[in-house]
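Please build the complete structure, drawing on both the sequences and the hints.
Below are the chains, spelled out letter by letter.
Number of protein chains: 2
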Amino acid sequence: MESYVIGIDLGGTNTVIGLVDVKGHILAKDDSIKTQAHPEIEEYTDAIANVIAKLAKENGCEGKIEGVGIGAPMANYYTGEIVNAANLPWKGIVPLGWLIEKKTGLPTKVTNDANAAAIGEMKYGVAQGMKDFIVITLGTGVGSGVVANGQLIYGHDGFAGELGHVTAPVLEGRSCGCGRVDCLETYASATGIVRTAKIWLGTRTDESVLRNIECDKLTSKMLYDAAMDGDKLANEIFEFTGAVLGDAFCNFIAFSAPEAIVLFGGLANAGELLLEPIRKRMNENVVFLWKDKVKVLKSSLPGADAAVLGASALGWKA
Amino acid sequence: MESYVIGIDLGGTNTVIGLVDVKGHILAKDDSIKTQAHPEIEEYTDAIANVIAKLAKENGCEGKIEGVGIGAPMANYYTGEIVNAANLPWKGIVPLGWLIEKKTGLPTKVTNDANAAAIGEMKYGVAQGMKDFIVITLGTGVGSGVVANGQLIYGHDGFAGELGHVTAPVLEGRSCGCGRVDCLETYASATGIVRTAKIWLGTRTDESVLRNIECDKLTSKMLYDAAMDGDKLANEIFEFTGAVLGDAFCNFIAFSAPEAIVLFGGLANAGELLLEPIRKRMNENVVFLWKDKVKVLKSSLPGADAAVLGASALGWKA
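From first to last, the protein sequence lines are chains A and B.
For the first sequence, this note's numbering gives the first residue as 1, with consecutive numbering after it.
For the second sequence, this note's numbering gives the first residue as 1, with consecutive numbering after it.
Since the list gives no way to pick one copy over another, a pair counts as held whenever it fits inside one copy or between any two copies.
With a Cα cut of at most 30 Å, we get these calculated DSS-like pairs of lysine-lysine: (1) Lys293 x Lys91; (2) Lys295 x Lys91; (3) Lys317 x Lys131; (4) Lys91 x Lys291; (5) Lys295 x Lys131.
It should be emphasised that the hints constitute simulated quantities derived from the structure, not laboratory data.
These figures come from a predicted structure and were not determined experimentally.
Now the structure itself:
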């Protein structure tokens with residue numbers, strides 16, 4: 001009998017639920033649930049259970065769903081809980097996995113979005129067949145999922161893989177939302193690269209189309225467009241950001257010697273503009289054992305559906 | 001029937017072979033083999049096989065030995081090979097595990113000394129019962145063994161866990177033997193701490209008993225003795241070194257969220273002199289999720305025998 005899983009991308013704004021087959025095809029998707037519209041977790045999880053039942057019924061999959069996987073901020077894989085998530089309506093500790101399991105009767109696994117992405121890449125994406133790799137998500141922040149010996153590393157408490165909050169191998173003194181200083185994500189996220197642009201527009205005097213944009217309106221997409229149009233400053237910003245990531249990857253490689261590092265999320269869409277300087281710096285600076293040995297790849301999961309697919313991969317029985 | 005294992009500590013000078021029981025007691029030990037006296041690997045492994053046979057016979061353990069574990073520089077766990085080890089007599093790639101297995105008839109596992117230490121701590125030491133921890137060896141260099149999900153992380157190529165060669169979260173521009181700059185071991189090893197002392201004796205002018213020692217004769221033990229005698233400069237050197245390690249540990253914790261970080265090797269014998277500033281900085285600077293949650297422990301394996309015990313732990317069937 002065909003089996004299916006449910007993948008849920010629980011974001012601060014939208015909750016997207018997908019019905020997924022074993023090959024990673026999304027048969028049906030529902031984004032009708034607005035996360036912030038449900039201040040009560042009981043009511044929110046009721047809404048999710050209803051959508052799952054509806055998706056199963058409409059697609060002839062009743063009784064064929066193997067499990068539910070959820071990618072959510074501050075999610076603990078071991079306990080199924082969401083813990084003090086700043087951007088979600090439910091405060092403190094919320095037993096999300098337990099509630100969904102109770103309301104659907106389906107085994108439910110919960111983890112953060114970067115870990116879900118890593119499992120998604122392993123199950124359906126560029127990391128198929130790999131036993132040791134790292135996924136780095138480059139979005140508003142930087143997240144990560146680390147796979148070693150074919151297993152995701154959750155750590156002793158369920159929160160491992162916060163590589164956005166290692167110290168970047170540049171020490172400019174940038175303050176991070178987490179309270180630390182010079183975390184990798186203050187340089188290498190969509191917001192980090194915009195910070196670099198603002199600083200450089202102040203410290204440098206060379207011409208750039210970026211100077212025509214109101215400072216507070218700068219986005220990473222504008223930097224990308226400027227770089228692709230040949231703007232020198234914008235190109236140097238990508239080179240710098242790639243070099244910071246390349247140096248950081250040298251450290252990650254010394255930790256777990258992955259076969260590949262897979263980039264995922266908004267800023268990863270810059271493609272070779274970012275990948276090329278990453279590879280260059282990484283192979284210049286990595287410990288000699290790993291020179292030219294570790295691949296840097298872009299996620300192959302389809303953009304808009306990647307988060308749902310990643311989450312769904314958790315739903316399969318081990 | 002009682003089972004035993006053989007542990008071999010393959011060092012640049014001595015090769016120490018121990019017969020070990022399931023509780024981590026060394027029943028007998030042989031250090032008659034001088035590594036450099038055997039330029040031919042065939043002859044070296046013959047000598048080892050002879051010592052193993054002798055140890056087994058003399059202790060009534062013939063037929064009761066479950067396997068052999070070897071800790072050696074540049075050892076690859078997957079292949080059993082030693083690869084381009086700078087301080088050993090055999091150049092290139094040497095199939096050490098295969099040779100010992102052939103000559104003794106015993107299953108043989110090979111890994112580097114820090115990984116062996118990690119398995120030793122898990123089997124007999126302070127990490128018993130832990131599924132997620134990191135061992136950091138602080139000797140002439142800095143090595144590491146990372147355990148996650150109850151398994152040592154070897155990486156895709158067998159060489160994972162080179163945490164002595166991550167970039168230290170201080171950027172003074174210290175050149176490392178590996179060709180990189182500012183590797184952790186240029187600050188936090190026995191040689192790194194002596195480098196700090198030499199630099200500080202030059203940049204600072206305050207009094208210190210260290211000024212009475214010929215610069216090239218300074219050792220980490222002398223720094224320890226001076227600090228314990230109340231020398232202010234020496235104490236500050238340990239505080240600095242502890243802070244560098246504490247900051248580095250923040251990064252390691254963000255990677256694998258270990259339950260504990262265990263310090264092993266010469267410099268770890270400084271005990272609280274080093275541990276206290278490590279814990280202080282670590283808990284000040286770690287991502288809030290892990291504040292006051294991760295233990296920093298000193299190895300409990302008995303000093304001189306720790307390397308043999310660690311290696312022996314590899315010899316047990318999984």
